[in-house]
Amino acid sequence: MAKFQDLKTAVAENLHDGDMVAFEGFTHLIPHAAAHEAIRQGRKDLTLVRMTPDVIYDQMIGMGMAKKLVFSYAGNPGVGLLRRLRDAVENGWPNRPEVEEHSHAAMANAYEAGASGLPCAIFRGYLGAGLEQVNPNIKRVACPFTGEMLAAVPSVRPDVTFIHAQKADRKGNVLVEGIIGIQKEAVLAAKRAVVTVEEIVENFDDVHPNACILPRWTVTAICEVPGGAHPSYAHGYYDRDNKSYLDWDKIAAERNSFQAWMQDNVLNAGPQDFAGRVEHLRSAK
Amino acid sequence: MSDLGFTPDEMMTIAAARALKNDDVCFVGIGAPSAACNVARLTHAPDITLIYESGTIGTAPDVLPLSIGDGELCDTAVTTVSVPEMFRYWLQGSRVTIGFLGAAQLDKFGNINTTVIGDYDTPKTRLPGGGGAPEIASSSGEIYITMKQTKRGMVDKIDFFTSFGHGTGGKDRENLGIKTKGPTLLITDLAIWKPDPETKEFTVVSMHPGVTREQVQETCGWPVKFADQVEVTPAPDETELKTLRDLQARTKAAHEGTGRGKNKFGSQRDG
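Each protein sequence line maps, in turn, to chains F and P.
Just remember that the numbering used here sits 46 ahead of the position in the first sequence, which is counted from 1.
Just remember that the numbering used here sits 486 ahead of the position in the second sequence, which is counted from 1.
Same shape as in the complex, but just chain P (with noise of 0.2 Å):
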């Protein structure tokens, strides 16, 4: 904790979750955009609609899912659909307004990588793959991103395209026959960047409180670009420290039991 009061990550969770719109449509990742996502909820935007590719539309949990797939998903939302209709009717369906991504990899125009570290076939690291990621990508009608600036996560160049944003920059998405917006909106935990109208590569235009461009740059992997006027994000308040703070005690502490009973067996037996 700095003498600020809050740490660069709670900072980043509650700059995400201030992005979302009480009448959005959001297609939760898991992760960093889960917690975003359900602060907005609890605070400035009550009646979001918050989907999980579990099938999962407008739930509400109480505690934040260890996967996308989490029964309490399921017991709060309006109602659960099968994988192939979230896919199909919602998601292809344009029906979201914001596919809310976290990434191993970004590049400066917003495409992720999740898919491996080195060439594909002889992966110097297999990651999890794409999962949902490339076509919320295409289908949502816009993008946001949230992660941690580090070097090894925003790179110059990324070594797989698992999900485009704006590919080289420029027309490169509506060339390739998108329709939707793509990346509008990165959050790390130490500013608010957005994409440049023409050439679409991601510019600071916002720094959290405290933060410095030396920073910034030390921490990111490409030469970083600054809008003509870089502004700085207000503080967290109190509501938005407690809820997050909260939120994230309540998961703990739920995560770490084993369910709502004790577990009186250890887990070693356990397959």
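Isolated chain F, as found in the complex (with noise of 0.2 Å):
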């Protein structure tokens, strides 16, 4: 049952050394808040699950909290390379994390099998392509049925999962709203999962029937973090700052300039910092 909590304890008491966790969203809803405070908590020996790893794990690679990497798009979106991923897979610093790497197609049907209670996914894909040859954990099945022989691979079932998103009521029921990626079966695949929101409201009686809603027993932990999603953006609520992903581009470009952005903006700085981010990007509702 959801527990309200601040990020801090949330973080502690569900995220371990060791753990496989995935901080998801697709582009949209993206948890920077909560990817910061795992990094003041300096936790280690992660294996660090996302369909799109971009600036949070481009940030949590460089201060060497990733023993591996699972994922399908590396990218700062929109912009480039993640220069500190590169750093770390091209020259090892600050450590070489292992690198298991799939399609989009792969990942999606991965996490759904895990929401799903299954222990791989099949799916029609990987023809042709080079990961098949590289990556171990892709392998072939055939269809009882046709004989076609498809795609699997192990269903993603992470320690801990955390997620952004609009609201949450009071009970602690978590909705969803715009592109929902893959957040919902990220909850779901997860032993436990960690929301922090924009904000929290009396009850969801206005929405609709079919809103994405996350029921308050998937949940363990719901944090109120208006602006969490900060450089990313919360439908309804704040636009994209594509600024700051451009200049991520240059601040991560040098060891550096790296560690002293994250000393000022990350170490020194807390969950309560993120509302005045995104005060300049606020849409009218």
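Worth flagging that the hints you see were computed from the coordinates, not collected in a lab.
The reader is advised that the hints may include incorrect statements.
[To be verified] Cross-link-like lysine-lysine pairs, in silico, BS3-like; alpha carbons within 30 Å at most:
no.: 1; chain 1: P; residue 1: Lys738; chain 2: F; residue 2: Lys296
no.: 2; chain 1: F; residue 1: Lys289; chain 2: P; residue 2: Lys610
no.: 3; chain 1: F; residue 1: Lys185; chain 2: P; residue 2: Lys610
no.: 4; chain 1: F; residue 1: Lys114; chain 2: P; residue 2: Lys610
no.: 5; chain 1: F; residue 1: Lys114; chain 2: F; residue 2: Lys185
no.: 6; chain 1: P; residue 1: Lys665; chain 2: F; residue 2: Lys289
no.: 7; chain 1: F; residue 1: Lys185; chain 2: P; residue 2: Lys643
no.: 8; chain 1: P; residue 1: Lys643; chain 2: F; residue 2: Lys289
no.: 9; chain 1: P; residue 1: Lys667; chain 2: P; residue 2: Lys728
no.: 10; chain 1: P; residue 1: Lys665; chain 2: F; residue 2: Lys296
no.: 11; chain 1: F; residue 1: Lys185; chain 2: P; residue 2: Lys665
no.: 12; chain 1: P; residue 1: Lys610; chain 2: F; residue 2: Lys113
no.: 13; chain 1: F; residue 1: Lys90; chain 2: P; residue 2: Lys610
no.: 14; chain 1: F; residue 1: Lys185; chain 2: P; residue 2: Lys728
no.: 15; chain 1: P; residue 1: Lys667; chain 2: F; residue 2: Lys185
Assembly of the complex is requested from the two constituent chains, each provided in isolation within its own frame, with the hints serving as guidance.
Below you can see the structure in the form of structure tokens.
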């Protein structure tokens, strides 16, 4: 049953060294505040799962928290490459994480299989693709009815998933709107789920009957962190801070500028700082 | 700008836009394909269905998205579905007629690399990876590719098969059990290419106005084959150019800002 907690407590209780953890969000509602709290708490030896590792994964990798990466597209969306990830994979700085690379279709199916309680996902994929040669977790299975050779990958079952959402109600139910990505599956696939939200409202009586709602008993902890997705966006609350993504490319280019930025903006900051960062991005509702 | 009144980039985008039809269902890659698809929608193909992998189906953005998941894609879409649904029902379910991809590295059979330069385990450059491309390439009815010609980009041998085009040519695709057509069109800043019906090697069928065979060869890493009859691509007309330039101007204005409001605080401390 969902507990209302402050983010520091929720991260301390739910994320442990060595965990497999997903901070999910597909270009929208990226849980930046939660990732920054994990960085401040200095978690290590993590297996970081994410379809689209972007700036927060670049930050966690650069801070040496990643033992392994499981992903399908590692880029700064709309900008280019991830400099810290490159430095780690190409030069081993600060360490060289193990890489398990998939396609989006595979990762999406793997989360769905995790949420479905299945050991693996089966889909039509990787035909002629090079990843099948370098990733031993991509296998083939014959359809028992037609004989068609399909792709199989293990399901993703994180120890803990972090997502950011628009709202929770007083009971702890969570509403996700807009580009909903893979959040529902990532929460249902995980043993524990921590959700940061823009606001807590009285009830969801006014939402659409088919809205994407995670019932309170599927969520471990809820933390109210306005602006917690910045510089990503929260549909209906504030716009994407495109300039921050462009700036990140320069900040992350050098180890020194990266470390200085992390000190100022993450290690010496807190969840309460996010609200101010989105003030100029708020859209008329 | 050349004295032709348009740039090679503009010609590329407009030639790519022309290839799309009003009844196409197009899975849009980010970058050059996104511009082409939206120019098509704003000119001759108003009812084209544009799909971005973030789950937005039938989207009609006013500005080009910086990422494939910008809020405007969702605001203007017919519907927005989850990512697993996107890949299972819509792509794997054969609903997509055209997959429109860009490429970091491309070979003459339309195989694409966006994964690594150099060896996979010890890469010289670690690129973002495939994302949706491996299954877009095999599940879309056919594949259009658009990219600027450079010797670094159009290579004899790609370092990694991120997504499969025609493999080593001929019936390679069929032999792997892939039932879709694969790459049927390549639009560059210099020419339009189509695969040879037998060998599947990309062949120049049309060169853009003012472009020479030498220019096409100098910017391509394999010996270029030209069709028996090479056409001249019709130059962009006024409407096409205006549509593209207006779209790019709106996009630039939107991306230089940080949203609808003003950024009072600068961004150095934003994280």
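Taken at face value, is the distance from the CA of Lys728 (chain P) to the CA of Lys667 (chain P) at most 30 Å?
33 Å, violated
Are Lys289 (chain F) and Lys610 (chain P) close enough, with their CA atoms no more than 30 Å apart?
28 Å, holds
Proposed proximity, Lys185 (chain F) with Lys114 (chain F) (alpha carbon, max 30 Å)
Measuring from Cα to Cα gives roughly 20 Å; hence the hint holds.
What's the verdict on Lys610 (chain P) and Lys113 (chain F), does the C-alpha distance respect the 30 Å limit or exceed it?
21 Å, holds
Between Lys185 (chain F) and Lys610 (chain P), is the straight-line Cα distance small enough, at 30 Å or below?
27 Å, holds
Are Lys185 (chain F) and Lys665 (chain P) close enough, with their CA atoms no more than 30 Å apart?
Roughly 20 Å between the alpha carbons, so the hint for Lys185 (chain F) and Lys665 (chain P) holds.
Compare the distance between the alpha carbons of Lys738 (chain P) and Lys296 (chain F) with 30 Å, and conclude whether the hinted pair is satisfied.
Holds: Lys738 (chain P) and Lys296 (chain F) sit about 20 Å apart, inside 30 Å.
Would the pair Lys185 (chain F) and Lys643 (chain P) pass a check requiring their Cα atoms to be no farther apart than 30 Å?
Given that 30 Å is the threshold and the Cα spacing comes to 26 Å, the pair holds.
For Lys665 (chain P) and Lys296 (chain F), compute the direct alpha-carbon distance and say whether it is at most 30 Å.
Violated, because 44 Å separates the two Cα atoms, which is more than 30 Å.
Would you check the hint for Lys90 (chain F) and Lys610 (chain P), treating anything up to 30 Å between C-alpha atoms as holding?
With a Cα-Cα distance of about 27 Å, the restraint between Lys90 (chain F) and Lys610 (chain P) holds, given a limit of 30 Å.
For the pair supplied as a hint, Lys667 (chain P) and Lys185 (chain F), is the alpha-carbon distance within the 30 Å limit?
24 Å, holds
Satisfaction of hint between Lys289 (chain F) and Lys643 (chain P), Cα-Cα up to 30 Å:
Violated, because 37 Å separates the two Cα atoms, which is more than 30 Å.
When the structure is compared with the earlier hints, violations turn up for hints 6, 8, 9, 10, 14 and for no others.
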